[in-house]
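Engineer: Sequence:
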Amino acid sequence: MNPLSMKNIEKLIGEHVFLFDKSDVLGTFSVKSVTQLERHGMDDLGRSIEHFTIDFQGDGSTHFPDGHYHFKHPKLGEIELYLIHKEEHDYEVMIDSQNAW
3 MNPLSMKNIE KLIGEHVFLF DKSDVLGTFS VKSVTQLERH GMDDLGRSIE HFTIDFQGDG
63 STHFPDGHYH FKHPKLGEIE LYLIHKEEHD YEVMIDSQNA W
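Letter by letter, the sequence shown follows residues 3 to 103 in the working numbering.
Hints should not be assumed to be uniformly reliable.
[What the hints assert, rightly or not] Simulated crosslink set (PhoX-like; lysine-lysine; CA at most 25 angstroms straight-line): (1) LYS77 to LYS34; (2) LYS88 to LYS13; (3) LYS74 to LYS34.
[Claimed, not checked] Cβ-Cβ distance ranges computed for the label pairs, FRET-style: (4) GLU17 to LEU47: 26 to 36 angstroms; (5) ARG49 to LEU83: 20 to 30 angstroms; (6) ASP46 to LYS24: 31 to 41 angstroms.
It should be emphasised that the hints constitute simulated quantities derived from the structure, not laboratory data. Even for Gly, the Cβ is constructed at its ideal location relative to N, Cα and C.
Could you put together the complete structure from these sequences and hints?
Structural biologist: This is how it looks when you write it as structure tokens:
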């Protein structure tokens, strides 16, 4: 099972995810939406491509600049992802992965 599949991440919409940086600065984000991107699906070689964005709403307690952060959720486990600050308390992560099954 791929915890970062679009199907699994969509189940987290409305739930809270904790994130922290290497200095242990902690934030709480809620998963706002998941948006499928153009390359999502099967490629010409029959491989499954996961290509989507995850939009988060920050709690406003701390500003997180663009960078790598550890995300933690009971259903997701703990994983490092690159976070993009969009505006105000809105953030985004882009997932672009390939499965060989």
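Engineer: Could you run down the list of hints and mark each one as holding or not?
Structural biologist: Okay, the hints, checked on the actual structure:
1. For the hint linking LYS77 to LYS34, the alpha-carbon distance of about 16 angstroms falls within 25 angstroms, and the restraint holds.
2. This hinted pair checks out: LYS88 and LYS13 have alpha carbons roughly 23 angstroms apart, not beyond 25 angstroms.
3. With a CA separation close to 16 angstroms, the supplied pair LYS74 and LYS34 stays within the 25 angstroms bound.
4. Between GLU17 and LEU47 the Cβ separation comes to about 34 angstroms, which falls inside the hinted range of 26 to 36 angstroms.
5. For the pair ARG49 and LEU83, the beta carbons lie near 22 angstroms from each other, so the given range of 20 to 30 angstroms is met.
6. Restraint check, ASP46 to LYS24: a C-beta distance of roughly 39 angstroms satisfies the suggested window 31 to 41 angstroms.
In summary, the structure agrees with every hint in the numbered list given earlier.
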